[in-house]
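These protein sequence lines map, in sequence, to chains A and B.
Take the first sequence: its letters are residues 112 to 362, numbered as in the working numbering.
Take the second sequence: its letters are residues 1450 to 1651, numbered as in the working numbering.
Hints are not guaranteed to be accurate.
[Claimed, not checked] Interface residues of chain B toward chain A, partial, derived using beta-carbon atoms under 10 Å: (1) 1459; (2) 1460; (3) 1478; (4) 1497; (5) 1563; (6) 1591; (7) 1593; (8) 1597; (9) 1637.
Bear in mind the hints are in silico, worked out from the structure with no lab data behind them.
Note that beta-carbon positions come from the ideal geometry of N, C-alpha and C, so glycine has one too.
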Amino acid sequence: MALKRIMPCLLLQDKRLVKTVQFKNPAYIGDPINAVKIYNDKEVDELVILDISATKLNKSIDFDLLKDFAAECFMPLAYGGGVRSVDDFQKLFTLGIEKVVVNSLLIDKPDIVKEAAEKYGNQSVLASIDIKKSISGEYEVFSHSKREIQFSFRGYIDYVISLNVGEIMITSVDQEGTWNGYDTELIKIVNDLVDVPIIANGGCGTQQDIRDILYKTDIQAAAIGSMAVYQKKDMGVLIRFPKRNQIIKDE
Amino acid sequence: MIYIVDYGLGNLSSIKNMFKHIGIRDVKITSDKNELVKADKIILPGVGAFDNGMQHLKEYDLIDVLNKKALVEKVPFLGICLGMQLMTRGSEEGKEKGLAWFEAETKKFELPKGYKVPHMGWNYVKAKKNIKSFLIRDIKYRFYFVHSYYVQCDKDEDVLFETEYGNKFHSAIQKDNIIGMQFHPEKSLNFGMDILQQFAKL
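Just chain A, with the same shape it has in the complex:
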């Protein structure tokens, strides 16, 4: 098997790194280029960077920043935020970005997702799916545009798979930024539904959380957010990354 992967999932807002809690209250972290230089030295397996301003404010992709970022990034890089056309995919790949992350586009323009997967290979198209529990405790798809999503949770997973994406990142909105651990049950359900690789995201607070999600659910990849940018919960900023051999023992 390819090796299990652990990756920081970073959020960009107006050229700055931020960190949210349950998708709210973005707090300033620092300069993205400095961060990526540190992650190179820490030997992170992969990096996901999501521009939350590009999606929300309907802004275009900050290609200038991404060019500088990609030039310092010596590991596979996935980017999401404001991607709207096949031409956007092309431009991102030209900068040296490995995978394009799509979220709202899955609903807004599914044909673009399909076309990009066909044209560039589906390993380069990463679907990001955000899931939130309803008041009654049911899993529901979280929409960034406040638009009603017509799918049930399971129906949406099937729908996304039908667009031929190569990989799925599942983020638990309830866990995101809380340090309380991944939603293991959610990841297990999705893993049983799909054949493509899954990245678990949202809630990681300890190295044990990473071990648990990678080994109790048998998925290939785990994303970390707060743990990669803060010293501890409610403590100051620190760009950091756990040592691979402290988490992954069996390779």
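Given the coordinates of chain A, assemble chain B onto it according to the supplied hints.
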């Protein structure tokens, strides 16, 4: 001067960026055969389908100059990913003839249940022969792979590294001055930097 061959396939700046990062600045990207004549070292990258790759090399009229540099002048020559596969006789992926610098075929993965194609992600390599260059200094060296086809050499002596993904395959090959790597050193952190540094010193 190290030349990176631009034949219209994939992203080339990552390789140049990594060279820059490790302090090697005499690197140029070109698609001009008249420039390539001057190369001290050549890198042939590439992603995508085999036939498309060979057709692009023909369209850019690069095959003669590449043959001359690799086989006659014997400059250090590194093929990465599709660039490695193009150095074989041909691929199960297409009908075009390859450059045939290696007695090798490019084959489609046939994998045990549970293994996905493409082979995407990090994996280890195991050095197969004692060579002066491309030492893997630590068995925990890992590299980033993305590929659906793999190279199989006829002769063991051409195999540099092996990697296990369902079955063993030849993840790097070498014949004199010509080297092929299935993985992407330019995306493989310090491990890839070490490989490119070693290539630059050949």
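Going down the list of hints, with the structure as the test:
Satisfaction of the interface hint for residue 1459 of chain B is found here, the shortest Cβ-Cβ separation to chain A being roughly 8 Å, below the 10 Å cut-off. About 5 Å separates the beta-carbon of residue 1460 of chain B from the nearest beta-carbon of chain A, less than 10 Å, and the hint is met. The interface hint given for residue 1478 of chain B is broken, as the beta carbon of that residue sits about 12 Å from the closest beta carbon of chain A, more than 10 Å. Annotation: residue 1497 of chain B was flagged as interfacial toward chain A, and the flag holds, the nearest CB pair being 8 Å apart, inside 10 Å.
The beta carbon of residue 1563 of chain B is positioned within 10 Å of a beta carbon in chain A (closest approach about 8 Å), and the interface hint is therefore held. Hint status for residue 1591 of chain B: holds, given a least beta-carbon distance of 6 Å to chain A, under 10 Å. A cut of 10 Å between beta carbons decides the hint on residue 1593 of chain B: the least distance to chain A is about 6 Å, and the hint holds. Because the smallest distance between the Cβ of residue 1597 of chain B and any Cβ of chain A comes to about 8 Å, under 10 Å, the interface hint for this residue holds.
For residue 1637 of chain B, the interface hint holds, since its Cβ comes within 10 Å of a Cβ in chain A; the closest pair sits about 7 Å apart.
In summary, the structure is inconsistent with hint 3 from the numbered list given earlier, while agreeing with all the others.
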